[in-house]
Amino acid sequence: MSGRSFAQKVLSRASGCDAAVGDTVVAKVDLAMSHENAALVSSKFREMGAERIWDPSRVVLVFDHRMPANTVSAAEGHRRVRLFAEEMGVESFYQHGEGICHQVLPEMGHVRSGDLIVGSDSHTTTYGAFGAFATGIGATEMAAVWATGELWFRVPETLRIQIDGGMPSGCMSKDVVLKAIGELGADGADYCCVEYTGGTVDDMSVSSRMVLCNMAIEMGAKAGVCFPDEKTRQYLEERGSGGDELFSDEGSAQRRHPMDVSNLVPQVAAPHSVDNVLPADELRDVAVDQAVLGSCTNGRLEDLQAAAALLKGRKVSASTRLIVVPASRETALQAMEDGTMQALMEAGAIVTNPGCGPCLGAHQGLLAAGETAIASTNRNFRGRMGSPDAEVYLASPLTVAASALTGRITDPREVMR
Amino acid sequence: MNTDLIIPGRYLDNYDIASLAKHAMEDIDPGFASKVAEGDVIVAGRNFGCGSSREQAPLVLKELGVGAVVAESFARIFYRNAINVGLPVVACADASLIEDGDTVEIDLAAGTLSSSSGLESGFPPLPPKLLEILEKGGLVSALKERFRPCRPGTGR
Ligand code: SF4
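Each protein sequence line maps, in turn, to chains A and B. Numbering-wise, my numbering puts 144 at position 162 of the first sequence, and it's gapless, one number per residue. Numbering-wise, my numbering puts 113 at position 111 of the second sequence, and it's gapless, one number per residue.
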């Protein structure tokens, strides 16, 4: 083992120390994101006796979990955050349904390669797709970040998932990451920085890479990263962003997990844990009451387009409701412009406003006891999408669309044209 | 044991921890909240607290009086959150040898754990910085000192 890992390089830069694996360093944070839980963060911030946010230009707030408010207490939470943001002079506040935080931040140019980003949300790992070191923290820690701009970090070990092979028809990056989680387990990457490398990743779009980094938390990772290339640069440039590209030195990973996806088939995570992964084909007898296409994992344009290509000119099964939640306003507008939305709605989809939607069982699209859903989201924990007596299966947008079409969990290759 | 089971997302628009805590664990153990007594220790297996970053998970356990969580391993964010809200967390490989109803004694600084059914075990103690946060009752109390206004004449 030799050289320094990506995680070490970012944390060394941000802490001003030579960060060795296992060290605890205090690092300066480049960007701090919170959603509705900013209400809890702000009350911790007050309790601490802090008066000003250390740098209001580095704090980004997004309302996405309960937007527009579905209960009076959610509305009151929103209001508290608005007043707080105004008082503190927070410059970037997306409060009118712009979309899911993890989509809005890169879209609006807040994410930069090489940055140290924290978010009071576990899927903050998503920003690793742009070569940032991004990790989820709790509300009290976020209050400390708002107050001081700093936080302690244990310098993580690195797990390199090297993915090679051409992506088979019917498969998407979601299938790759579900397969990896199934192999490694829900704690298989605990505390690690997961690096996704290899030809398959190089061939992926930035959106597909976001899926990999988003789901890194579902194997316990502290962060996930795809190293920047021309596609990353182009995306960031278009958004007026950029950053310092940092790469791991050869041989710096403590663990390796090679994967060859050439023979991959569509994968599904069965209830009630994300590592309970099976080929979609083995679950063909499972009837679905609800199919959800959306979330910070798979609610982007390419996801909606994949589903629309499969559903165009067809009708969703009479026994299934298909709920489509675009990841952002920009996604929704693009999907309207290119006919994607038209195809989905003509097929019978319910389209909601951009945001988290049914993903966390707090807003729209909840499940009744005894119901079953297939979703392109990221967690199938008991009670996650409504009743604790409902079941949630996780899959790619293609598998979700195929299952909506037939009313049963369906390998998309069976119905693709 | 994931965070959605500890406290389901559907209740998170409630920012009053005392009333939120009534829903702790209800999806797998209805009545949990009324069964827990002050100082009770939760004993668990691997990856306790995986999932969401919701700090309400350790907060509701602390609110109900849970004295500590002893697990074979913890998910990273839950572990940090627990320390930051002042809920002792002990990652002990022998957690499964503790029996239901045992009385356990834990020395966080020394990293030792013993149970009334005879288990004598150890665990890597927390780094001093984190132990200090825990001892002060969490990060809020720890940082309060930092932001305490300077009092004239005391040199602070
Ligand atoms: S879409 Fe789901 S996982 Fe993503 S931020 Fe929203 S609630 Fe969390």
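Worth flagging that the hints you see were computed from the coordinates, not collected in a lab. What you are looking at is a predicted structure, and each value in this text was computed from that prediction instead of being measured. Positions of the beta carbon are idealized from the N, C-alpha and C atoms, including for glycine. One or more hints might be untrue.
[To be verified] Among the chain B residues that face chain A by a calculated CB cut under 10 Å, a handful are:
hint : residue
1    : F34
2    : Q58
3    : L61
4    : L110
5    : A112
[As the list claims (entries may be wrong)] Pairs of lysine to any residue residues, derived as SDA-like cross-links and limited to a Cα-Cα distance of at most 25 Å, are as follows:
hint : chain 1 : residue 1 : chain 2 : residue 2
6    : B       : K37       : A       : R64
7    : B       : K146      : A       : L283
8    : A       : K297      : A       : G321
9    : A       : K(-9)     : A       : G321
10   : B       : K37       : B       : L132
11   : B       : K146      : A       : T53
How the hints compare with the structure:
With 10 Å as the threshold, the beta carbon of F34/B stays out of range of chain A, its nearest partner Cβ sitting at about 13 Å, so the hint is violated. Here the hint on Q58/B is kept, as its CB sits about 8 Å from the closest CB of chain A, short of 10 Å. Among the interface hints, the one on L61/B holds; its C-beta lies about 9 Å from the nearest C-beta in chain A, closer than the 10 Å criterion. Among the interface hints, the one on L110/B is violated; its C-beta lies about 17 Å from the nearest C-beta in chain A, farther than the 10 Å criterion.
The criterion of a C-beta within 10 Å of any C-beta in chain A is not met by A112/B, whose closest approach is roughly 20 Å, and the hint is violated. For the hint pairing K37/B with R64/A, the CA-to-CA distance comes to about 38 Å; that exceeds 25 Å, so the pair is violated. About 45 Å separates the Cα atoms of K146/B and L283/A, which puts this hinted pair outside 25 Å; it is violated. Of the pairs offered as hints, the one joining K297/A and G321/A holds, with about 16 Å between alpha carbons and a cut-off of 25 Å not exceeded.
Using a Cα cut-off of 25 Å, the hinted pair K(-9)/A and G321/A is violated, with the two alpha carbons roughly 44 Å apart. With a CA separation close to 30 Å, the supplied pair K37/B and L132/B exceeds the 25 Å bound. Annotation: proposed proximity of K146/B to T53/A is violated, straight-line Cα distance about 33 Å (limit 25 Å).
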